[in-house]
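Trainee: Listed here are the chains, written in short residue letters.
Protein chains: 2
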Amino acid sequence: MFESAEIGHRLTKAQYKEQVPALREALLEAQATLFVEKKGPVVVLISGEDGAGKGETIDVLYEWMDPRYLSTLAFEEPSDEERERPSMWRYWRALPPKGRLGIFAGSWYSDPIRLRISGELSQMGLDARAEQINRFEAMLVNEGAVVLKFWIHLTKEAQRARFEALQADPLTAWRVTPWSWDRLKTYDKLQKVSSHLLRMTNTAWAPWVIVEGVDDRYRALKVGQVIQAALASKLAAATQAGKKKPATEAAAMARVETDGRTVLSEMDLSRTLPDKEYKAELGLLQGRLSELARDPRFKSRALVLAFEGADAAGKGGAIRRITAAMDARQFQVIPVAAPTEEERAQPHLWRFWRHLPRHNHVAIFDRTWYGRVLVERVEGFCSPADWQRAYSEINDFEHELVASGVIVVKFWLQVSQEEQLRRFKEREQIAFKRFKITAEDWRNRDKWDAYQQAICDMVERTSTGEVPWTLVESNDKNYARVKILRTVCERLEAALDATGPAPGKAAKKRKR
Amino acid sequence: MFESAEIGHRLTKAQYKEQVPALREALLEAQATLFVEKKGPVVVLISGEDGAGKGETIDVLYEWMDPRYLSTLAFEEPSDEERERPSMWRYWRALPPKGRLGIFAGSWYSDPIRLRISGELSQMGLDARAEQINRFEAMLVNEGAVVLKFWIHLTKEAQRARFEALQADPLTAWRVTPWSWDRLKTYDKLQKVSSHLLRMTNTAWAPWVIVEGVDDRYRALKVGQVIQAALASKLAAATQAGKKKPATEAAAMARVETDGRTVLSEMDLSRTLPDKEYKAELGLLQGRLSELARDPRFKSRALVLAFEGADAAGKGGAIRRITAAMDARQFQVIPVAAPTEEERAQPHLWRFWRHLPRHNHVAIFDRTWYGRVLVERVEGFCSPADWQRAYSEINDFEHELVASGVIVVKFWLQVSQEEQLRRFKEREQIAFKRFKITAEDWRNRDKWDAYQQAICDMVERTSTGEVPWTLVESNDKNYARVKILRTVCERLEAALDATGPAPGKAAKKRKR
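Just so you know, the sequences run in chain order A and B. Residue 280 in our numbering sits at position 280 of the first sequence, with consecutive numbering throughout. Residue 440 in our numbering sits at position 440 of the second sequence, with consecutive numbering throughout.
Check each hint, because a few of them may be wrong.
Since the list gives no way to pick out one identical chain from another, each pair is judged satisfied if it fits inside one copy or across any two copies.
DSS-like, lysine-lysine: derived pairs with alpha carbons at most 27 Å apart [to be verified]:
#1 Lys477 x Lys17
#2 Lys447 x Lys234
#3 Lys38 x Lys98
#4 Lys13 x Lys276
#5 Lys189 x Lys13
Think of the hints as simulated: they come from the structure by calculation, not from any bench.
Please take these sequences and the hints and turn them into a complete structure.
Mentor: Set out below in structure tokens:
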């Protein structure tokens, strides 16, 4: 893998000086265009062996490029806010917005490599991480990002020589620590792990560029040239925008109806719960939820509740019955409307990542990341190719949440067209609910069938074993609210019980 | 102070039921209008004695209002990211944007009260904090926020009774901890400290509302009614927008010129530094800065560099000479352009607070919070009243930074009108600098005199002992860059030396 970076690439000062001015000019022009046209972002990973010149390469990029559109993202020890979220959270929050270039000094590759070398990650575990990384990077590229991954390589001998040279110069001696010399000992292991991981993640959409690190001039020029070429190609491609070929086959396949029965048509919307039973059950379930939210085992977990449903399906009312059982300091309700300008400059899932709860906290999403495959699909706010890939992106997102200990529960609230109409009319009459109904609500009704199709596809493709959809018969609010509360309690309880027995539970029983 | 909240306010169930529906309707209408018109935000502080029903009050607000435009901000132990910033940072990052209502369970009052009770804060210290709070809240209100501060009060006897009642009910017993009973012991101290602090911060723009906490119905209704009244008044006032009276006297006073001499006219722009000396000095200063950035004493400090100057004054080039001396992982360059949509929904200083560096990090602002009193003033982007109050808001901001250990250094780069013209023309000719010049740059030249006046006012009003302006003669780039680098080194060194002797410095000297 690294052979091409061991052949002794070198540039004379004259060769270097001849090439730099034109490169610098091209980089600056490209950066400015990228910024003005809000294209990209450009994600640059600078990886490689210690002492290979990663820091020096970044320094040269700062010298050549406009630092106003450039940022360097460094990842030291995770902060406590980061440790209480999925491991990818810190990278999501550091992603540069469209129009800008972010240099990652350290990235999502650092942890898998380190853990595999120390033996904390198995070979199979490493492969799983590689697979996850590929999907993450594919998502970035599909969202418009340019992902450039550099591995700056040194042979073992070159690494030793570099450390010695650094140490000899009083201005750079601080860069060499006892830790550096340890790196020489693990050199062979690092080569084995990194070459495997690089091979696994050397994809068409985000290929690795191996750069020989020995010669400062060669290394800098090579990295600069690759960035410039990628920017030029991105900007050229961007001018042919909108030419994305929709995956018409997939759409055609989805339209096949054999007997007209769907998960939605099979729902029994006539289910009801009389007021008296409702009140009794509600009280019990709220009490149970209140206890679960204060369970000591929840202190190292978090809960994400996702609510989707047609307009007037009763999401708000259901959410209120949940929040009533919890301390306001423990939850946040996140109403999802049109994305803000800063959110539009990021991958579509970014605005949900930013609201992920810390340990012992609950995030309740009133509309969710499924907007991509519902409203955005039906209204044509994104291209068919965009919403078609969103299913697996969403599955990956929820998998990452679950893998990090977040409990995710998602609900679809289904009402019949007649019941929805009845509620719209009712809302118009009750003054203090009037504000809830808009012209858009009426318009959405016209697309009822298209929405039903989108919902069925969504359930089929994103109801996973880890995070199944709970379809809620919502013509009767009592029934719906109790079903939702019960599901939340059961899922939370099951997840906590999987962690270990409830502390004090045995003791309590004994007392009685 | 609390007498009015000890008279035994009570509401019957019938009285309560009669009033709630209309209140709820009014609250929902007001919330919706606030959101649509992007007015506010509304900042609600719920404070008071433990057990007074703060949590219950918040719960009722959630029951009455639309949780989509509501959030509760709780402040537990500060996270490490928060501990490494000025103490107000966590409140700034939690501020609700325009159109929304944020309930602060815990606020900027919590720390001063706690510290005064424990004796860690002197009476004078408390008064200083009160003064600071008043200025902070005035800024919020001037920026369009409604600040509602509730103190829910219980007598000592009522507090004891409340704890006993909570403990007796298995559903609420968890709320009572050994800590709660301690509160009874410090009750008198709390009364003394809080009544003093409340009195000091009972301002016209953000008055306290004392609410008797004993009766659940009275407490909730009172808080709800006050919020509703404030919202109604805000929305009514907002319709008379733009009627802010500019402080014309101040503007007239500023225009008085007695001898035409200003800090700018007195600068000797003919200063130069020959290339040879420049190179030598540059190398030395960069080496010194590089060492200072790695000084162990910097690990608990942070550095903020603020650059202002006319177009083409050389801010970018100067910044590059500084970043070249540091590790890219340690600094961020923050180019300040027009605020984003999320930033426009916040007080004008918010977008700078969000970029404050952690310990051991450097934030370099290319244009700054002084835009308010420069471009926004001259171009009329904000009202005279807005930029006139900005001077003291900015002084407060910088004071908070300094008080928390941040080293702040700010530069004004002055070029003559002739030199600027020369650079504009030069830029148009050198291809890879071309992107830097825009139509706006040419336009700004027309307002040269207005800008000079604004700069003089800015220097006069914001050059404080803690954070003085450094005016840089920038017609010669060599001279300017060396002056800036030297100033950064000197200020950094002085600040670190004030912390204690450089570790290892003595040792080093001994070695020699």
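Trainee: Tell me, which hint numbers fail for this structure?
Mentor: The structure breaks hints 2, 5; every other hint is satisfied.
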